[in-house]
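J.: Letter by letter, the chains look like this.
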Amino acid sequence: MSMTPAVENPVEQLLRSERMPHIWCPGCGIGTTVNCFARAVEECVSDLDNLIIVSGIGCTGRVAGYLELDSFHTTHGRAIPFATGLKLANPKLKVVVYSGDGDLIAIGGNHFIHAARRNADITVICVNNFNYAMTGGQIGPTTPLDAVGTTSPYGVCERPFNLPFLAESCGAVYVARWTAYHVRQMTRAMCEALNKRGFSFVEVITPCPTLYERRNRLGSGLDRMQWFKENSVIKNGVDTRECDIALRQKIVCGKFVDVDRPSLLEMVEAKMASVLHRRRWERMSREQQKPIAMRPMKG
Amino acid sequence: MLGDNDGILSGAHFLDGDHACAEGAIAAGCNFVAGYPITPSTEVVERLAWRFPGTGGTFIQMEDEIASSIAIQGAVWAGAKAMTVSSGPGISLMLEHIGLAAMTEVPCVFVNVQRGGPSTGLPTLPAQADMMQARWGSHGDYEVIALVPNSPQECFDLIIHAFNLSEQYRVPVLFMMDEVIGHMTEKVVVPPRDQIKITPRRYTKLPPGEYEPYRAGDDLVPDFAKAGDGHRFHITGLTHNEKGYPVMNAECQEQLVCRLVDKIRTNVEQISFFHEDGLEDADVVVITYGISSRVTMRAIREARKKGVKVGHLRLVVVWPFPEEYIRRLAKQIEAFVVPEINLGQVVLEVERCAAGTCDVISIQHAGGAVHKPRTIYDAIVEAVR
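Chains A and B are the protein sequences, given in the same order.
Quick note on the working numbering: the first sequence kicks off at 1 and runs consecutively.
Quick note on the working numbering: the second sequence kicks off at 1 and runs consecutively.
By construction, these hints were calculated from the structure, which means they are not laboratory data.
Given the structure is predicted, the values throughout are model-derived calculations rather than measurements.
It cannot be assumed that every hint is accurate.
Unchecked claim - As a list, the in silico DSBU-like pairs of lysine-lysine whose alpha-carbon atoms are at most 35 Å apart:
#1 A:Lys271 to B:Lys197
#2 A:Lys271 to B:Lys187
#3 A:Lys92 to B:Lys243
#4 A:Lys271 to B:Lys263
#5 B:Lys226 to A:Lys92
#6 A:Lys92 to B:Lys187
#7 B:Lys205 to A:Lys92
Kindly generate the complete structure, drawing on both the sequences and the hints.
T.: As structure tokens, this is what we get:
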């Protein structure tokens with residue numbers, strides 16, 4: 001009997017294989033985003049010891065636990081302030097917040113807008129599956145109007161957030177949105193976000209076939225990927241006010257914002273250099289190491 | 001104002017408790033503070049915001065107390081010594097993260113300059129009504145350490161002790177000041193650097209690959225590693241095994257939570273810290289903590305003039321409660337008198353330990369002021385009648 005040769009997983013060194021199988025459902029898009037993230041890290045990050053991942057609570061909150069990095073699974077909604085403290089206390093670290101839409105934008109919404117405002121030196125990856133999946137499919141601040149969830153059985157009557165617009169208007173220096181179908185673009189966006197100084201934001205639209213897609217009759221995970229393929233409109237650089245998401249309507253994807261603005265750490269450094277004696281400041285800033293080297297993506 | 005190389009202002013100063021607390025934190029090696037303005041604690045963070053650039057520390061004013069209480073924990077994992085500062089309403093918002101610090105064993109300090117409650121209560125007036133919140137505020141079973149200073153000098157001295165205990169036991173330490181102590185100005189002596197004892201963080205000596213973040217030795221306290229050191233560890237607020245990985249079953253829960261509780265409960269004698277005065281032949285003992293101890297001194301002086309054999313036991317560490325000690329003491333005396341600026345909190349622990357072997361008299365105060373010495377005096381005299 002001939003055996004099929006085992007194919008090596010190209011991102012295995014970044015995964016905690018001993019923790020597999022993971023908790024995500026068949027057809028869920030979170031694993032796809034993790035694959036893209038791992039590839040972006042392999043491509044762009046030269047020093048894995050200094051790459052730190054912080055998650056909140058929920059399905060996407062479990063990402064931190066599956067990546068073979070120093071990783072923190074914090075409290076619901078609070079990954080961003082945890083990451084802010086981590087980065088300020090050791091500027092050498094590259095800190096990534098990886099969490100879901102409910103965690104980052106509902107309970108964590110205040111931290112999200114303030115981190116963007118102060119241009120905190122963190123990368124935020126938001127996996128948006130339009131509902132609270134870990135707890136069984138309740139609606140959230142990203143659920144499209146009229147969509148059904150267990151806490152809105154007759155359909156949502158609230159307008160959802162447009163995340164790229166929210167992030168840009170609060171001060172993010174990098175904003176992109178892709179779906180789970182766009183693995184190459186998503187990987188590139190994650191790589192570009194990792195290379196930014198300041199608050200960079202990547203939203204990834206993913207299927208939740210067990211709950212959101214099923215209740216809203218949007219088909220299986222595969223159906224939904226097909227739908228993303230056919231109904232995404234790539235509009236790089238478009239005004240983020242045009243990025244609203246409605247049920248069964250086309251989804252605007254692309255890189256919307258990529259600007260340079262001094263980050264929180266740069267602002268603090270500049271302020272301290274101007275108020276402290278030069279010699280004292282030079283001694284202190286020598287002790288404070290610079291961020292780790294990042295490589296831009298090839299090609 | 002830069003102080004010595006570590007920013008320590010050795011010498012005699014005239015400081016209020018809030019400022020003394022800030023100076024003590026600097027002397028303890030604290031180099032990260034996140035906070036949010038709230039009366040009557042704001043002066044602590046104001047002073048640190050002013051002082052930290054000169055000492056190499058980082059202060060950030062966060063968007064709320066919830067953010068402050070977890071930003072400090074991120075900073076600790078990056079290697080900082082960190083604290084946050086607040087008062088009742090802010091501490092109420094921080095409770096989930098006191099639980100996170102207990103569960104993930106993050107050495108850090110939460111300062112609570114207590115004011116009258118509940119809710120917004122009395123922002124500018126004192127209370128001691130957060131003592132049970134300090135002990136039980138976050139959900140689940142856990143143990144913390146809580147210290148209560150009674151002067152600006154103690155705000156300086158004991159905040160250093162608070163940092164040391166947090167490092168030794170890898171536990172959040174609550175520093176329970178109150179509005180009067182925070183705003184009272186007295187002489188504060190800052191000793192020279194070489195006379196300040198600092199407990200260093202217990203960093204692992206194991207190389208990456210061998211280190212497990214929650215494998216504890218005989219003292220039940222695991223060694224620490226910071227992010228970026230190559231250990232590639234995982235930390236979670238979920239129930240976890242020694243590797244730090246989530247495990248959802250009753251066995252792991254028992255192993256973890258019992259260790260978190262036992263690392264404090266089996267060390268109560270080492271952690272306990274109190275001052276005794278005239279207990280040898282006492283018929284009645286007044287048990288106090290914080291500002292109430294200073295009002296009590298006058299009442300005791302007057303009672304002794306009348307020939308009453310009254311002793312004073314001032315608790316500096318209130319949690320963990322010195323149960324065994326109080327049980328023994330209860331057998332030797334006729335009554336405990338417990339004045340607190342609350343409607344009966346720590347007195348419940350005294351009653352539980354006395355278990356009927358002596359009387360326990362609660363002297364309550366709803367907050368907004370300190371007790372009148374006369375009230376405590378009357379209770380002492382009544383207790384021995």
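J.: Next, verify each hint and record whether it holds.
T.: To see whether the hints hold, each was checked on the structure:
no. : hint                 : verdict
1   : A:Lys271 to B:Lys197 : 33 Å, holds
2   : A:Lys271 to B:Lys187 : 34 Å, holds
3   : A:Lys92 to B:Lys243  : 25 Å, holds
4   : A:Lys271 to B:Lys263 : 44 Å, violated
5   : B:Lys226 to A:Lys92  : 13 Å, holds
6   : A:Lys92 to B:Lys187  : 41 Å, violated
7   : B:Lys205 to A:Lys92  : 22 Å, holds
The earlier numbered hints that this structure contradicts are 4, 6.
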